[in-house]
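Each protein sequence line maps, in turn, to chains B and R.
With this note's numbering, letter number 21 in the first sequence gets 302, and the count goes up by one each step, no holes.
With this note's numbering, letter number 470 in the second sequence gets 1693, and the count goes up by one each step, no holes.
Source of the hints: derived by calculation from the structure; they are not laboratory data.
All of these numbers come straight from a predicted model, not from anything done at the bench.
Cβ coordinates follow ideal geometry from the N, Cα and C atoms, glycine included.
Any given hint could be a false lead.
Only some residues are given here: those of chain R computed to face chain B with a beta carbon under 7 Å [what the hints assert, rightly or not]: (1) 1300; (2) 1304; (3) 1355; (4) 1366; (5) 1369; (6) 1400; (7) 1797; (8) 1799.
Under the rule of at most 27 Å between Cα atoms (straight-line distance), these lysine-lysine pairs were calculated in the DSS-like manner [what the hints assert, rightly or not]: (9) B:348 / R:1385; (10) R:1811 / B:348; (11) R:1844 / B:348; (12) B:356 / R:1811; (13) B:356 / R:1808; (14) R:1378 / B:378; (15) R:1873 / B:348; (16) B:534 / B:556; (17) B:378 / R:1844; (18) B:378 / R:1873; (19) B:348 / R:1819; (20) R:1822 / B:348; (21) B:399 / B:356; (22) R:1768 / B:461; (23) B:378 / R:1385; (24) B:348 / R:1378; (25) B:378 / R:1377; (26) R:1822 / R:1844.
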Amino acid sequence: MRPALQGSEVVLTQRNLYMLPTGAGWVFSGLLLVMLMTAMNYSNGLAYVLTFLLASTAVVSMLFTHKNLHRLIIKAGPSMPVFAGSSARFAICFENKQNQRLGIMVEPFIKITPVFNKTVLARTDIPGHGQVCVDINIVAKQRGYLPVPTVLLSTRFPLGLLYTWSRRIKLESHCLVYPKPANQKIDLGLEQLSGSEHSGHHQQGDDFAGLRKYNISDPPKHVHWKAVARGRGMQTKIFSGRHSDIIWLDWGKFGGHEPEARISLLTRAVLDADKAGLEYGLRIPGTIIHPTRSNLHRHECLKALALLEI
Amino acid sequence: MTDPHARVTVLWLIASASWVILPYTLHLPVWALLPFLFMAGWRYMIHAHGWRSPGRIVRLVLLLLATLIIYQYYHTFLGRNAGLTFLLLLMGLKFSELNAERDRILLVFILFLLILGNFLYNQSLWVAAYMVVAVIACLATLVQIQQPTGLTVKKQLFVSGKLILAALPFMLIMYFLFPRISGGLWGLTNQNTATTGFSEELRPGSFSRLVESRVPVFRVQFDGNQPPPAARQYWRGAVLSDTDGRRWFQDKAINSPSAQVINGKQLVTYNVTLEPNKQGWLFPLALPVNKPNRHIQNTGLTLKATHAFQERQRYRLQSYLSYETTIPKQLGRYLALPEQTSQRLRDLANTWRRQAINAGNNINTAIVNKAMTYFREQLFYYTLEPPLLGGDPVDEFLFETKKGYCEHYAAAFVTLMRAAGVPARVVVGFQGGEYNPTGKYLTVRRSDAHAWAEYLDPEKGWVRADPTAAVSPSRIEYGIDSLRALSEKGLGLDLLPGAELRKILAPGWLRNLGTGLRLRWDAVNFAWYRWVEDFGPLRQEQILKKLGLLDTSWVLRVAVLTAIVIFMLAIFAAFILRKQDDLDKTQKLYLLFCRKLAKAGLNRQLSEGPLSFAARVKTAKPEWATAVNIITDYYVLLRYGKTGMDITLKNMRQAVQEFKPS
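With the hints as constraints, model all of the structure from the sequences given.
The following block contains the structure:
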């Protein structure tokens, strides 16, 4: 079998498109035979005309069907990270530099002749000189990177008598799958915090302690905007706060569990801490992420957990 | 089952099916349409009002019922009528089972068969035009089944029309090169009743009026296109030698050629397309030389097939316009007179004979000339509405009424000749015809029927003599239609000098236009007949001959055909799959806009985006602001937005084209 088309962008050409008649196409050829016999038997000129016209239509529809996929550009679209166990959504985008294409189907690659395949992942029409993306949903079973499934494109337009399909396509794109968060509630060790002074907007304490270089994950409200306005570049204000607002989510804390369960628990802890508005750091084998709090930080932590190799 | 796409598909199917089966009402029992009307109605209600589909048992019972009905009615399932009626019933019943895509496609396939079935009844141009619509509708239905979204009705018809247009060249190649066979495969061909061409009997005085039928009997194409002059267009049918005084008929005993053509001159070659004809007569020009095939006998210098012509026939014939023939050994038959022949007729003939003998020379020719002079001078009158004649029509016509048409003259002339001792006989056939300059052929109609005579010259054999020509030269020169035109104007025939006659006969502009259109239409129909209805193995040979493929096996022909089709497909593929300019249409339009501005001195910098460029242009030339705004907006919208591609591209083109900076 020829290798799959690979890359972040794939163009379909004559050399990687195939064609066979559909079931209806075979019946149609039988029909033509019956019509030809009738024309011969009755020596009927118009019957010959009709038979040959329909035969020619089927012949030229070969080209139209082929053209429907010819020179189509396929690209991977962006995909959002998901948690293991939920459905990952890939976008496959088609760029069309020619006229409108209709009835383009995205099929999963399975090891039988595609003609017999009945599953279609997505079906779309592509406007002329335009672009269109289709979503493909696949259940993400494991944490880590989930590659785009190997697919192939096919079409039966215009008459449904012929089926054209492409070589299988393996786009260089993947979806990040966060570990599945554990179900049980995690003891974040918040009872260490004395009193009830803790509240969401007191995350970092109130006392201005100095400036440091801006970090992309710093919250905008801590940027020293006045300095920016004076042309000194981006600087972040540091506030001195109580250490008790910062927690460390430590690999060692969940010693009694299996590694995957630990990851699952830590994932849950990250989510809970984020939800609680805490500043949290992550300490797992090979990676230490210092405490802070932002969406990017949350992503960094979950990504580290997702890709953790044990 | 309330899927709107499925509803549209069903409407397409109902519309296509209605169009296809409508012509069947002319040929098949009307009850054959009932299943369709009933089931299509039910199907519509399923989709429009959520009715239930008929169950499997109902469908099975209906199918059995249909089969029984066909057998009861036709006692067979084979043959054209039974087969097509059955197919009609099945098509109707198929509407009860349309849930799967497969069923819908199958229904369209049945419709294709029914389109073909129509051609077994009628192959005219009209039917073909009607069915082109049917084919487009059926293909559009297939497109709709395949692609329920994204296409308007117009676009669907456009797609199927495009397919058919692209298919046409392939169809033509297959049509002309696919090996044709002669005769049917199983001999189930249709049995049309042949129409009567002309009469094998002559009964002058029995009909007071000639049938004025403009139905064509045959058409002739001459090699070299130009037909011989009208006065020489005698289309020979039957030879009538025997008479009982009232009727003239052909002698059934003649089975072998009674005379041979010798010393022929002025050979003419031509193709005859003969309409169906019960008697199997062919109508060669003057005297035929060849016998087109073994089914045709050459008797008495005439051509007759051994069987009736059920369908149109084409023959290639050769004739001599000038000829001599051998002289038959037994002449008694050509001198026999009926007993009732009147004394005054015999006297008149004897007078001529005596005068001719006295004059010496060629007695027979002299007698014929006497007769011709007699007809010309004795106030004989050519009319299409002669009086009815009694017991001795020849005598009555010659001496009393003196009014008649070709039959009267031919019969009287032959009787006179025999009375004068000159062997003679009547020939019936056609004279003249209408030349069609568009199609370059001559049409001979029933109204061109004619009767003339032949007498035996001791040296030249059978010689044609047309007494009608003596009485009414214009009948021969201008044709029967001119005589009709004259008598409609209340003018006597042959009373006017030639020039004046031609002036009167010159048709008005309206009639001219009408005649022109009629001739053209006839030419179109005739061409249709030659290239579609009559295109069989014989005609195909002619084309293959030109391609150098004569006498080749059908395997080689199919191979050549396949090679040509593949070659054409390759060319077509190269055209349809050619690399289109990657710069899309919007971009091209925008660049055109920029070129226009560049001419006006405003060049877009490489770093400049469309919006900043527009801003600069507006500052420099505020009077162009509106146009620049519109074009830039269109461009940005089309290039980076998504909606309304088709509509706004047109708008942008218009805006750019209308933009004239100066």
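Do the hints match the structure? See the list:
1. 1300: violated (15 Å)
2. 1304: Since chain B brings no Cβ nearer than about 13 Å to residue 1304 (chain R), farther than 7 Å, the hint is violated.
3. 1355: violated (9 Å)
4. 1366: holds (5 Å)
5. 1369: This interface hint holds because 4 Å falls under the 7 Å limit.
6. 1400: Residue 1400 (chain R) check fails; min Cβ-Cβ to chain B is 10 Å, beyond 7 Å.
7. 1797: violated (10 Å)
8. 1799: holds (5 Å)
9. B:348 / R:1385: holds (14 Å)
10. R:1811 / B:348: The given pair, whose Cα atoms are some 23 Å apart, holds under the 27 Å limit.
11. R:1844 / B:348: violated (46 Å)
12. B:356 / R:1811: Answer holds: residue 356 (chain B) to residue 1811 (chain R) is near 24 Å, not above 27 Å.
13. B:356 / R:1808: holds (22 Å)
14. R:1378 / B:378: Holds, at roughly 20 Å.
15. R:1873 / B:348: holds (24 Å)
16. B:534 / B:556: holds (20 Å)
17. B:378 / R:1844: Distance of about 35 Å is beyond 27 Å: violated.
18. B:378 / R:1873: holds (17 Å)
19. B:348 / R:1819: Given pair residue 348 (chain B), residue 1819 (chain R) is violated - Cα atoms ~35 Å apart, limit 27 Å.
20. R:1822 / B:348: violated (39 Å)
21. B:399 / B:356: holds (24 Å)
22. R:1768 / B:461: Violated - the C-alpha atoms of residue 461 (chain B) and residue 1768 (chain R) are around 80 Å apart, more than 27 Å.
23. B:378 / R:1385: With Cα atoms ~21 Å apart, residue 378 (chain B) and residue 1385 (chain R) stay inside 27 Å; holds.
24. B:348 / R:1378: Status holds; Cα separation ~18 Å.
25. B:378 / R:1377: Holds, because 24 Å separates the two Cα atoms, which is no more than 27 Å.
26. R:1822 / R:1844: holds (14 Å)
Comparing the model with each earlier hint shows violations of hints 1, 2, 3, 6, 7, 11, 17, 19, 20, 22; every other hint is respected.
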